[in-house]
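Model the full structure from these sequences, guided by the hints.
Protein chains in written order, with the working numbering: chain A, 1 to 370; chain B, 1001 to 1380.
What the hints contain is simulated information worked out from the structure, not anything from laboratory work.
Here the structure is a predicted model, which means the values were calculated and not measured.
Among these hints, one or two may not hold up.
[Unchecked claim] Which residues of chain A face chain B? A few of them, derived with a C-beta cut under 10 Å, are:
1. A49
2. V51
3. L91
4. L155
5. V285
6. V326
Each residue gets a CB set at the ideal place from its N, CA and C atoms; glycine is no exception.
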Amino acid sequence: MSASTSSPAASTAGRTLPLTEGSRLQRVVRGALTPGGAVFILVAVLFVAVVWVNPSFGEPPQLIRFIGRTAPIAIAAMGQYYVIVSGEFDLSMGAVIATQVVVAGNYIGDDESRVLPAIALMLLIGVVVGLVNGLGTTILRVPSFIVTLGTMLALGGLVKYLTGGAATGNPVDTFREIGRGGVQDVPVLDVLPYSVIILVAVAVASVWLMRAPFGRTLIATGDNPDAAGLAGAKVWWVKTRAFILSALSATVAGILLVGYAGVHPSVGAGYEFQAITAVVLGGVVLGGGRGWVLSAAAGAFALELLFSFLNFLEIESTWRNTVQGVIIILAVAASARAWSLGRRPTSRSTPAAPAPSPTTARPGTETGEN
Amino acid sequence: MSATTDRTPDPASTPDAASSVENRESVRRRRAARPRGARQLDSTALIYLVLVGVIVVSAVLTAMEGRNFFSQGNIWAVLTAMSVLGLIAVGQTLVILVGSLDLSVPYVVSLSTVIAAGGMKGLDSNLSAALVNTLVVCAVVGFVMGVLVSVFDVHGFIASLGVGLIVSGYLATNYQGSHGDASPALELLGRSGIAAVIPTSFIILLVAALLVTLMLRYTRLGHHVYAIGGNRDVARLSGVRTALPVIAVHVLCSLLAGLAGLLLLSRTGVGLPTIGSQGRYDLLSIAAVVLGGTLLSGGKGSVVGTLGGVAIFAVLDNVMGVMQVNPFLKDFVRGLVIVLAVAVYARRSVVRRPPRFAGTRPSLPTPGSITGSTTKEETA
Chain A
1 MSASTSSPAA STAGRTLPLT EGSRLQRVVR GALTPGGAVF ILVAVLFVAV VWVNPSFGEP
61 PQLIRFIGRT APIAIAAMGQ YYVIVSGEFD LSMGAVIATQ VVVAGNYIGD DESRVLPAIA
121 LMLLIGVVVG LVNGLGTTIL RVPSFIVTLG TMLALGGLVK YLTGGAATGN PVDTFREIGR
181 GGVQDVPVLD VLPYSVIILV AVAVASVWLM RAPFGRTLIA TGDNPDAAGL AGAKVWWVKT
241 RAFILSALSA TVAGILLVGY AGVHPSVGAG YEFQAITAVV LGGVVLGGGR GWVLSAAAGA
301 FALELLFSFL NFLEIESTWR NTVQGVIIIL AVAASARAWS LGRRPTSRST PAAPAPSPTT
361 ARPGTETGEN
Chain B
1001 MSATTDRTPD PASTPDAASS VENRESVRRR RAARPRGARQ LDSTALIYLV LVGVIVVSAV
1061 LTAMEGRNFF SQGNIWAVLT AMSVLGLIAV GQTLVILVGS LDLSVPYVVS LSTVIAAGGM
1121 KGLDSNLSAA LVNTLVVCAV VGFVMGVLVS VFDVHGFIAS LGVGLIVSGY LATNYQGSHG
1181 DASPALELLG RSGIAAVIPT SFIILLVAAL LVTLMLRYTR LGHHVYAIGG NRDVARLSGV
1241 RTALPVIAVH VLCSLLAGLA GLLLLSRTGV GLPTIGSQGR YDLLSIAAVV LGGTLLSGGK
1301 GSVVGTLGGV AIFAVLDNVM GVMQVNPFLK DFVRGLVIVL AVAVYARRSV VRRPPRFAGT
1361 RPSLPTPGSI TGSTTKEETA
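And the structure:
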């Protein structure tokens, strides 16, 4: 949980950082109380609830398949995390997924030798889309909401136009194995889906990336782009890379989804809002600068567990949206209060929020002093 | 911004001994501080310049198809197409000006058609009751969003997305397919107009836009909207009660979306639970607002510009319809136009921003701004 703290020391001069004091256990407990940590508790609670309703869900083979099914949305959520933590939005994710799925279907076809070139091509497309989004946002200074909305409409329209809106092409089975297959005869789990392996790899890479200078700069940029720029960060390049990472995550999610869902231009529809919901559920603050990357993935799991729970309760699937809506509002309303606990004095200065220590530096009146 | 800066010239203008020069100066400053200063005017003019360009190109393209863009029927079609998206975009402008967002509009539109059609049951005698019912429900939806945004500090993006999802779940569960029947009087309204050129729905849009513009320029609420959108903390520290305008604006936006739903109902005759999401009014209305020169982070913009943005979309759609462009390709063109137009516009507003604070130090961005979107327009 402490991975994402890059709070500038200057703003908290005169008091110790609450996140670094206390024993390891105290810190874990305190971390679990932040929105980014609370999502893990939420996942645990939901998991228990699902198992309670349907005991077979807890068996390892079932569970690992569930994780495999959730992998695409979790990967997409981690991609969206980079963009959101840098203070932007990426609405083009669903369209990118659709594009990649259709590219895979039409380019590979029955030709097995084309699998690797196809993956390279898809990654290239991802990089290009990310570059367009990123440069449009940073160099052209168009709000990211609008740029990515534009790429979403343009890409989605193009893909639907080229395919006529219907399912076309069918990639060779070896390619689809990435999404639906797995390592057979694993001791406890029975089968270890490739998607789980990819998910773990992406998660490890993400954690490493967020601890690397890039991640630190990214969070600083999201918190205050001007301060980051004045401190020497290349804000435009950092943000552009975030968009590239997001598009690449969408590409990986697309590759996995080919295996599950097949080739249809509507695959990935609504993924952008699902991913944003997952990220927000993970306690990442819209507007940037707060949140942990694994919390975003955990948010995706919480969402999927919730849907499974509703499924097992045999609630009509049409209520899914309503539940999703209630959940994200509650999560964000709760975290809007909770984030003001540990970090800097909030500029919104919610007087209702209890102060962590009843001492100095709290009034939140920097703006009013001069 | 405006409401707070409005105060500063007051001491200069009130003393009896103030010379006429000072007076003129204070008037000038007060005007500059208003939402629509001289600078704002020519940025709005720019949008209408683009609109004229789009119309000229469209007229040429339409002529190449052997048809007349300025024929009665075609103008009627364009204005009708404008009215629904226009009403929604006017509401969206208000919400964006205050620094929030409303992604729930498509579901509110659908909800409004379904409730109104269900209430009318095809009878004129039910008309007024159904209209009141519908608008009250829409207002309640907006009120909930406003409270979430202002009191519970939920980002507008999430609050409206969540409320929209809740409404969509309700719609999907309780209504399958078309529902109810519009009253004949309402359907007649949908077909009526002036001289077969200007449909009544467009007049409704103009009246709504005029009222909102007057509200923004001449009422306390309007000035507070700009102040809160510019910087919520500064507005609050200046003594503005920030909750009320935010709630009011969300209620107005949902009401206008409900009105747009009623207009749709007057044309379709039945309530359709998916008509809003099919129209993708959420994203298109936001795009139209930004195209119209309103800052996505709030505090700057006008309804007049938004109408220009909506008109650009309507004309584009119309000409693509005439040329029988593949509907999927339409999206491609739309996306391209949005990015290109806003790219041109966004760069201009960067250059334009500092003069608003004439003579004083360059404006600093708001570090604690609640809006999730970019604050980079202000950094310049």
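Structure-based check of each hint:
Hint status for A49 (chain A): violated, given a least beta-carbon distance of 20 Å to chain B, over 10 Å. For V51 (chain A), the shortest C-beta to C-beta distance to chain B is roughly 25 Å, which exceeds 10 Å, and the interface hint is violated. Because the closest C-beta pair between L91 (chain A) and chain B is about 8 Å apart, less than 10 Å, the hint holds. At about 8 Å, the closest approach between the beta carbon of L155 (chain A) and any beta carbon in chain B falls short of 10 Å, and the interface hint on this residue holds.
For V285 (chain A), the interface hint holds, the least distance from its beta-carbon to any beta-carbon of chain B being 8 Å, beneath 10 Å. The criterion of a C-beta within 10 Å of any C-beta in chain B is met by V326 (chain A), whose closest approach is roughly 6 Å, and the hint holds.
Hints 1 and 2 from the list above are not met by this structure, while the remaining hints are.
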